[in-house]
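All chains, please: the whole structure from these sequences, using the hints.
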Amino acid sequence: MIRDITIGQYYPARSVIHRLDPRVKIICTLLFLISLFIQRSILGYLIATIFLGMVIYTSRVPLKYILKGLKPIIMLLLVTVLFTLFLTREGEELFHFWIFNITDKGLNISAYTAIRLIYLIMGSSIMTFTTTPNALTDGIERVLHPLNRVKVPVHEVAMMMSIALRFIPILLEETDKIMKAQIARGADLESGNMIQRVKAMIPVLVPLFVSAFRRANDLALAMEARCYRGGEGRTKMKPLVYRAKDYLAYAVIVLYMMLIFFVGRFVPFHIWIF
Amino acid sequence: MSIKLEHLNYVYSPGTAYEKQALKDINLEIPQGEFVGIIGHTGSGKSTLIQHFNGLLKASGGALYYNGENIYGDGYNMKQLRSQVGLVFQYPEHQLFEVDVLSDVCFGPKNQGLSSEECEKRAREALELVGFPEKYYRQSPFELSGGQKRRAAIAGVLAMRPSVLVLDEPTAGLDPKGRDDILNQVEHLHKNTNMTVILVSHSMEDIARYVDRIIVMNQGEKMFDGKPKKVFSHYRDLEKVGLAAPRVTYIMHALKARGMNVRTDATTVEEAAKEIIRSFHD
Chain A
1 MIRDITIGQY YPARSVIHRL DPRVKIICTL LFLISLFIQR SILGYLIATI
51 FLGMVIYTSR VPLKYILKGL KPIIMLLLVT VLFTLFLTRE GEELFHFWIF
101 NITDKGLNIS AYTAIRLIYL IMGSSIMTFT TTPNALTDGI ERVLHPLNRV
151 KVPVHEVAMM MSIALRFIPI LLEETDKIMK AQIARGADLE SGNMIQRVKA
201 MIPVLVPLFV SAFRRANDLA LAMEARCYRG GEGRTKMKPL VYRAKDYLAY
251 AVIVLYMMLI FFVGRFVPFH IWIF
Chain B
1001 MSIKLEHLNY VYSPGTAYEK QALKDINLEI PQGEFVGIIG HTGSGKSTLI
1051 QHFNGLLKAS GGALYYNGEN IYGDGYNMKQ LRSQVGLVFQ YPEHQLFEVD
1101 VLSDVCFGPK NQGLSSEECE KRAREALELV GFPEKYYRQS PFELSGGQKR
1151 RAAIAGVLAM RPSVLVLDEP TAGLDPKGRD DILNQVEHLH KNTNMTVILV
1201 SHSMEDIARY VDRIIVMNQG EKMFDGKPKK VFSHYRDLEK VGLAAPRVTY
1251 IMHALKARGM NVRTDATTVE EAAKEIIRSF HD
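Protein chains in written order, with this note's numbering: chain A, 1 to 274; chain B, 1001 to 1282.
If you are wondering where the hints come from, they were derived from the structure by calculation, not from laboratory data. Note that CB positions come from ideal geometry on N, CA and C, so glycine has one too. Warning: the hint list may mix true and false statements.
[Stated by the list, open to error] Now the stretches of chain B that chain A is said to cover, found in silico as 3 or more residues with beta-carbon under 8 Å:
| # | region |
| --- | --- |
| 1 | 1051-1057 |
| 2 | 1085-1094 |
| 3 | 1152-1160 |
[Stated by the list, open to error] Some but not every residue of chain A turned toward chain B, in silico, with C-beta under 10 Å:
| # | residue |
| --- | --- |
| 4 | F51 |
| 5 | G53 |
| 6 | P62 |
| 7 | K64 |
| 8 | I170 |
| 9 | E174 |
| 10 | A181 |
| 11 | D188 |
| 12 | K199 |
| 13 | P207 |
| 14 | V210 |
| 15 | S211 |
| 16 | R214 |
[As the list claims (entries may be wrong)] Partner residues aside, some chain A positions facing chain B, computed with beta carbon under 8 Å:
| # | residue |
| --- | --- |
| 17 | V143 |
| 18 | K180 |
| 19 | Q182 |
| 20 | A184 |
| 21 | G186 |
| 22 | A187 |
| 23 | I202 |
| 24 | V206 |
Here it is, written out as structure tokens:
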């Protein structure tokens, strides 16, 4: 049941994307996200769609799996889209009902917002699906390394992130187990109104928090027992090294960004979706 | 009154990279009042199997009959099934959540829709059954020792008065005394109330001592199913799948190999002692 939440989980498969240097994946993901926000033409989104489609295809992560990751944001998506749709006052009015009015501009902006949000989640989940949490932290640490000069504790931040990521599947599994145990004792977690359902979650949440604290305590103890003292003077067993395919990936993303820029600048007329 | 499985199959995460057939064509019948042991290597499908008994997992194929009724049939009352088949998970103390032990044990009966007096009556009864000391009834379950927490959690399931009790490694992580106490109380319950008990365990000694029948699971399949003596006579096959017979069985085999005239099917220390004494008398 709860294991269906896939966002932020690694999906093991053998693909070029999986083997890329984590730094490449982080930077490319960031650039892809930027590319979603610097343009608003149907052609640009078409290019972004093709690019995303190609990456997903190469990564060998089933599309179904990536789409499942969208489930948790459906509510957010709906609220955002409806608000922009009904509350945008500018533009030509297309439809009017009571206090709601839909304008052509509102329609377009909400469509863009939806696409951006969906691609944002899909783009970043491709990164987490194809990169193990360890590799991801390694990458983040190296990418953010320059910030050390301005006294940002980069290693500690990276460590915190990797621990948080590592704990997602563990806590999900734990939640699943506790839910089952309480259902076995006759707990009804699914029916009833909002308040009843929130109350019904108490038997799951209390043990979950207790277990999270217990695990945090154990982990801290284990780290201290191995003399962990932060990033200072720490070396890597497997330092990150760029290889040919990584440079190729950079070339592809640069090409993609140039294309997006070009479309944004030089395709003269605003081609809106509607 | 029985549990009957017909061609039961279960596949984890179908359609993903994690897809795994956890149960393959399981057929078995457990009559009311039997004490059954389930053994198997880690990942052999034991825990998956027992979660089918009260409908927590729905089989990908096949059928499960409880008292002759298919639990996957339309309109089957799952809640009713769950109060009949009590399932105690591994480390059940991780499910405790109430402010005191008594209220925690009341959680099950309360979900069955009983009055609060009846809940408390059943909770007290269940706590007594597992030998939980009365002076701790009003204490927070988080302040108890490991063994006491375990008892309180098992009582939480017993308070629902199930006719079938399924225990998933109820003694994991307990000291020898705590282990014997809990298993003796389970046996006592089984004898006095004709409750079906299904015990999952890694300890061959525990299994040999308490159960009437052993089901051996291996890679999602039922490998052996029979009386302990018969199952443990296949100890070479058991070793191949990461299991073993009780220690005394090996001792008996060794004695026989050294020329002593003993039967090799003893599975408990008491039986072995008797058999050795008998052979000296001959």
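_Please list, smallest to largest, the hint numbers that this structure does not respect._
4, 5, 8, 12 and 17
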